[in-house]
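S.K.: As a plain string of letters, each chain reads:
6 protein chains.
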Amino acid sequence: MTDRLVLYPGSFDPVTLGHLDILARACRLFDRVCVLVAASGKPGMWPVARRVELIERSLGDLRCEVDSFEGLLVDEVRRRGAVAVVRGLRSAGDYEHEWSLHGVNRRMLDGFETLWLPARPEFAAVSSTLVRDVARHRGPLADLVPPPVVAAFEAEWSA
Amino acid sequence: MTDRLVLYPGSFDPVTLGHLDILARACRLFDRVCVLVAASGKPGMWPVARRVELIERSLGDLRCEVDSFEGLLVDEVRRRGAVAVVRGLRSAGDYEHEWSLHGVNRRMLDGFETLWLPARPEFAAVSSTLVRDVARHRGPLADLVPPPVVAAFEAEWSA
Amino acid sequence: MTDRLVLYPGSFDPVTLGHLDILARACRLFDRVCVLVAASGKPGMWPVARRVELIERSLGDLRCEVDSFEGLLVDEVRRRGAVAVVRGLRSAGDYEHEWSLHGVNRRMLDGFETLWLPARPEFAAVSSTLVRDVARHRGPLADLVPPPVVAAFEAEWSA
Amino acid sequence: MTDRLVLYPGSFDPVTLGHLDILARACRLFDRVCVLVAASGKPGMWPVARRVELIERSLGDLRCEVDSFEGLLVDEVRRRGAVAVVRGLRSAGDYEHEWSLHGVNRRMLDGFETLWLPARPEFAAVSSTLVRDVARHRGPLADLVPPPVVAAFEAEWSA
Amino acid sequence: MTDRLVLYPGSFDPVTLGHLDILARACRLFDRVCVLVAASGKPGMWPVARRVELIERSLGDLRCEVDSFEGLLVDEVRRRGAVAVVRGLRSAGDYEHEWSLHGVNRRMLDGFETLWLPARPEFAAVSSTLVRDVARHRGPLADLVPPPVVAAFEAEWSA
Amino acid sequence: MTDRLVLYPGSFDPVTLGHLDILARACRLFDRVCVLVAASGKPGMWPVARRVELIERSLGDLRCEVDSFEGLLVDEVRRRGAVAVVRGLRSAGDYEHEWSLHGVNRRMLDGFETLWLPARPEFAAVSSTLVRDVARHRGPLADLVPPPVVAAFEAEWSA
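Residue numbers (this note's numbering), protein chains in the order written: chain C, 2 to 160; chain U, 2 to 160; chain A, 2 to 160; chain F, 2 to 160; chain S, 2 to 160; chain H, 2 to 160.
Excised from the complex, chain C in its bound form:
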C-alpha cells in the first residue's frame, strides 16, 4: 500500500465553490491531491501565480498541494508519478468535453487515467466563466466563490 497521488488540473480563473467541493471530496479519496493551474492556453482574467495564491488562501482545512504547469498534462502526470487525474462533471456537455480530453491524453500516454466526480447539484451551474460574468456586472458572488476570491474582486472594484 503506497501513497497515491492524483492531480486536479484546471484553469481556476478564479477558483469556485464548485472546484473546492470537488477538491475536498478528492482529498477524502486519495492520500495526496495536487491542484494544478494550467499556465498555457489563452491569458486569463488573473495571472497564474495569482490564481494559485487564491486557491491556497481558500483551502481552509484541506491538505493538498497547489502548483501550476505549462505544456502537456500527460507530461505532468508522468513527471509527478500521479495515478490519475480528477475532474468534476456538471452536465452532459462537460461529459462530452472531458471524454474527448481523456481520449486525447490516453492516446499520448498509455495507462493515463481520469476519474470523474459528479458536481453537487447546487454547484452544477457554477463555472469560472459565470463568475467573471457576474463580477463584471457587480452581481452577488458569495454563493459562487470562496471569501478570498470575493475579496479579490472587491479590491479590484475599489482600485
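If you are wondering where the hints come from, they were derived from the structure by calculation, not from laboratory data.
Accuracy of the hints is not assured; some may be wrong.
Note: identical chains are not told apart, hence a pair may lie in one copy or across any two.
Listed next, the in silico SDA-like pairs over lysine to any residue satisfying Cα-Cα at most 20 Å (straight line) [said to hold, decoys possible]: (1) K43 x G140; (2) K43 x E99; (3) K43 x G72; (4) K43 x D68; (5) K43 x H138; (6) K43 x E71; (7) K43 x T130; (8) K43 x S128; (9) K43 x D134.
Note that the structure is predicted; figures quoted are calculated from it, not measured.
Guided by the hints, dock chains U, A, F, S and H onto chain C, whose structure is given.
M.R.: What follows is chains U, A, F, S and H alone, placed relative to chain C:
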C-alpha cells in the same frame, strides 16, 4: 387574476423567424411579453438600438414591448416584476446551455423562473450566427429572417 | 385577458415532491392548472383513482384541479380548451423524450403547445420509478414524496 | 493513511471484458475493491450465485472481493464502510443514467460518493445486454466476455 | 465501378412515413437498397411476413428489395455482400443507441460500415412505437404512416 | 447507374488520421469523393493551399479529388452536382453540431443530403484543434496525423 409579465431576453443580432415564432407563442400564453435585447457581452454585428428597431418593425400583429438592458438579467426580472423568462429550445445543446443559465440565475434570485418552449422543427437549425454566416456569403435569407432584416442586409450590401 | 388553463399530465405513480414543485410553479404562472393522471399505458403500482386521491391530499395550499384521462393527450387539450401542457425537465434524457412527445402531439394537433420548466436541482434525480424502487427496499421516502404518499406506503407495509 | 474500500456494483449478467477493464483500473487506484452483484431487480439470464462465480473465475491476477447484495446500495456502502462506488461510463446515455442514480443515492445517504471511469473505446459498445443478444444468435463472444463466460455459454448450447 | 448494395434493417412494426423517407433517400444514393425486417427480438404487433408485405405495398415508385432476416445483422451483411447499413437518426438519443449498435457490429465484423441519414424534421418524432400508441387510441394516422398501413389498422378496427 | 459524387468538406487545419479514415471509407462507398477545404471562416494555422497540399500528400492509395472552396457549401453541392456531403461523427456533441449544419443547408437547398459516418473509436478524440494543441507543446504527433503533417510541423519547429 393579475396581468403577468414574461421577459424574452436574447442578443437578437439579428432577430430570426425562429425568435418571432417563440415570441408569437409566448404572446398567446401570457398577458404581457417584453423582448429584451442584451446590451452587454461582446459587440454584435449591429448596435443594440438597431436590433431593437428591427424587432419592432418585424412584429406585425404581435402586441409586445421591445427594450434593451445592460447588466444582470435577474436585476431586470426584479425591476420589471416579471413572473418568468421565456426561451426557445432548439436542441439538446441548447438545453444544456439554458439549464446552466437558469441554474446561475436561480442562485442569484430565489424564485427565478424559466419557461422553455420547443422550437418548431423548421426553425430548429436557425440561429443569428447562421444568419450572419449566410449573409456574409450573400446566401438566401428570406426563409431565415423577417422582411425588415432582409432589407437591412440588402441595404448594407448596396451601400 | 381571459383565464388560461394549462394541463400537467403524467403517470404520477406516485406523485413526488418533484411533481409538486413543478405544479406549484405552474400555479404561479397560470390562472388555472389541471393535473391529469394518464389512465392508459401499462398498469401502474397504484390504480388511477388512488393516484388522483394521493395528489389531492398532497396539494396543501395549491389551488388546482386534479383529474384523470384515457386516450390521447391532444384530445384532452382540445376538449378542455387548454392553452398549453406543462412538463418538468430533469435531464438531457428528459429533454430528448419530451421533445419527441411534443413533436408527436403537434403533428396531431396544430398549435399544440408544451411548456418545459427546469426541475429544481434537489429534485432532478427524483422520479416515480425511483420512489417505487426505494419503497420496495423499505428505504427512506420522506425526502422523495409528500406525507400522504409516505403514509400510503407505510399502510401497505403494515397490511 | 487507512485502507480505502470502493464498491463496484452492477448486474454482471454476465460480466464482460468492459467490466473487467474497469475493475482492473479500480484495483490500481484503491487499496480494496469489492465487486457487488445486485440480487434485486428483475431476474437475469443467470442466477446471482452463478454470476458471482463467473466473475471470480475471470479475475486472473486481480485481487478483489466479489459478493452479492440485496436491497439498497446505500445500505451496502454504509455497512461495508466504503468511501465510494465506482462505475464505468461508456456514453452520454450512461452519463445521464448514472447521474440520476448518483443523485438518488446522495439523497438517501449524505456523503455518498460516485467515481466514474471512462470506458476504453474498444469496450464502449460492450454491454451484458449485447452479449446476451449475440449469444442468442450463437455469434462470436471471445471479444466481448472472458473465457469462463464463453465456456459457460458453450456449455449451455451443448446441453 | 460495381453495383453497391446497402441494407436498411429495422423492426418496421409498422413501417412509417419516416422510414419511407430514409429509404427514398438511400435509393438515390446507392445502386441497390434492401429493406430488412428483423425477425428476432420480441414479437411485434404484426407478424414479420405482414410487415414485409406492408412495406412492399408502400413502396410506390421506389425500386428496392424487401426481405426479412433472423440472427445477427453482421451475418446478413456478409452473406449479401453489402457495403454498408443505412439508418436514420432522429435525435441525440437515436445517435447514442446507433453508435452502440455500430460499435457492437464492428467488433463482430471488421469493416462493418454504418451510414446515418438525418431524419427530416417533420418525421423526427415519428416512430413505430408512437404509431402503435396513436392507433390504440384510434388517433389520426395519415400523417404518420403510408396509406396501406392506415388501411391495415382500419381493417383491424372493423374486424 | 451513373457515377455519384460526394463531397467531404471541412477545415482540415491540419488533416488528421481521423479525417483520412473517414475519407478512405467514403471512397469505398462512392464512385467519386472530393475533399473540400473551406477557405472562409477565420484564418487557420495554415493557409488553405497548404492544407490542400498536405491532404494530397497524405492520400497514399486513395483515389479522390482535393480542392478548396469559398462561400456557401450548398452552392458547391449544386455547382459540382454532388449527391451528398459526408461527415464523420465522433460524439454526441458532433451530432448536435452536424444536425444544425444539415438543417441550415437543407433550408437553403431542397434535397441537400448529409451522410454521417461513425468515427472509429481510436480516432474519436482526435481533432485538428487537439493536434494544434499537442503541436504547440511539441507533444507526440505520430498517432494523430499522417507523416506529411508530422514533417510539416517538424519543419516549422526547426525553422
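S.K.: Where does the structure disagree with the numbered hints, that is, which hint numbers, in rising order?
M.R.: Failing hints: none at all.
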